[in-house]
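A.B. asks: Given the structure of chain A, go ahead and fit chain B onto it with the hints provided.
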Amino acid sequence: MKENAIMNKKIIPAMVLVVLGLVIAIGSQTFLGPCVHEDGSFGACHWAGRALLGVSLLLTAEALLSAILERARFGLCLASALTSALGFLMPGGLIDICKMDTMRCRMVMQPAMRVLFGLALIVSVAGLLKNKGKRGAA
Amino acid sequence: MNWRKLPLKNLTRRPGRTAALMLLTAFLALSVFGGSVVVGSLQSGLNSLEARLGADVIVMPAEAESKVSFKNLLLQGTAGAFYMDASALQRVQEVEGVAQAAPQTFLASLKADCCAVKVQIIGIDPEADFTVKPWIEQSYSRALDDMEVVVGCRVNADVGEDLRIYDLNTHVTARLAETGTGFDTAVYCNMDTMNTLLKAAEEKGVTHKITTDGDDMISAVYVRVADGYDVGKVCNALNGHVRKATAVRAKTMLTGVSDSLAGVSHTVTLLIGAVWLLAIVILLIAYAMMINERRREFAVLRLLGASRKALAALMLKEAALCSLLGGALGVALAAAVVFPFTTLIETKLGLPYLTPNPATVLTLAAVTVLLTLLIGALASAWAAFRLSRSDPGTTLREGA
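The listed protein sequences correspond, in order, to chains A and B. Taking the working numbering, the leading residue of the first sequence gets 1, the next gets one more, and so forth. Taking the working numbering, the leading residue of the second sequence gets 1, the next gets one more, and so forth.
Isolated chain A (complex conformation) (with noise of 0.2 Å):
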């Protein structure tokens, strides 16, 4: 019983981190979306957009397997932290958005992709920290 409850304590970062990888998934396609132009083109901040999809599905598949495999959880809170990381730097760091400051994708999806990923790498090194004991025996 008392086990139980200790195994539950230690996967609730990876399903938190689920739920940030899966809100940054959804929110980065729809309501925190990179800017939409009238005529139709794409700007650099659609393919941030679109590779913020594709971290943050890598991000919610680390979660999920980190809850599920108990003896890689430490190697994938670490994967997961590493993940966060690279999704903060994304918008405007390593891809680029428009430049000016009253466009969609820099008043909302880089701001909310920054606290986001910045949440979700926080939550990864408590997830670290919880399971720093099963280091090594994966």
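Derived from the structure by calculation, the hints contain no laboratory data. Virtual Cβ for every residue (Gly too), placed ideally from N, Cα, C. Only true hints are included.
Across the chosen pairs, the derived CB separations fall in these ranges: (1) B:362 x A:129: 25 to 31 Å; (2) A:95 x B:158: 18 to 24 Å; (3) B:260 x A:89: 37 to 43 Å; (4) B:167 x A:57: 41 to 47 Å; (5) B:142 x A:29: 46 to 52 Å; (6) B:367 x A:82: 34 to 40 Å; (7) A:93 x B:243: 50 to 56 Å; (8) B:20 x A:29: 32 to 38 Å; (9) B:366 x A:12: 27 to 33 Å; (10) A:96 x B:4: 50 to 56 Å; (11) A:12 x B:260: 41 to 47 Å; (12) B:141 x A:61: 54 to 60 Å; (13) B:397 x A:72: 52 to 58 Å; (14) A:36 x B:5: 52 to 58 Å.
C.D. replies: Chain B alone, transformed into the frame defined by chain A:
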């Protein structure tokens, strides 16, 4: 038993209860800090707009006021263009009481190469100007040459770069400091550059409804009233003397902004008040319930020799720790919501918005955490007072 470590142990042993109390105080801190930063930013924005406007009266084409485009241009940087005959400047100068009159010409770019939105281009007469020039001089001391531009802080073009407007290259010579107003998204040039751009725009098929040559058109005249003259009377005289134009007192324009700001501040203050009232009541109930639940625990501590004062101190320490962590969490959450989304908040409110300086923000954060600490301590003090009145023997015998 280590009495000094007991408050922390009590909190960590019951993570659910601690988390609930922390979340409640975090919510309190979030509402106070977030609300205060938004209201403070609006106030800074209004002060900045007042300082930047610098004119007593603004004369603009009648159509500009009917479209409310001038106000939107000032506050939100909405690109707009409206014109009147340049002879309006002469008519303005003829009115008694006008000390200085500076013309400005506006042009909305189709699509600057920096981005996919229109940029407001403002042409100024460097010799007559008294509104924008002092502000530009803070960043750029030389006079603007032909095809040279100065950009607002939100136009993404660096000094030394070329900004392409209507297929013409303009050279960026300076970036201006942030004002939190529509001026931040504008590009400034001299009148000769503006006339060249107006012609380039015409060639691109952009009609400006200009009836005469582009060189004879202006969009607004900023007026400074001479000392000893009544601004209202000069404004009325301008309205009577300049045809097809409207003279508006800058103060009247700002009064509208100030009223909107007062409305937003009032709503935010009311919301903060309601949140605080609700949170204080919930905290009082939460601590009262917690004391009730822990009566046996406290009775045992009393029988082990802990004084009433020591128990009250234990309660206060637990509450202070919870409030401190909750307050810090709330401030961090509010910061994560308010600061990254500054441009979005400004756009949605449609009011000048300038984030206060870091020292003010840090002071606000410290005051917020102290306030939550105080509220937590007060709520637990009442519970501690109730606890000190109960008899431990009776509590244990009752089996509560």
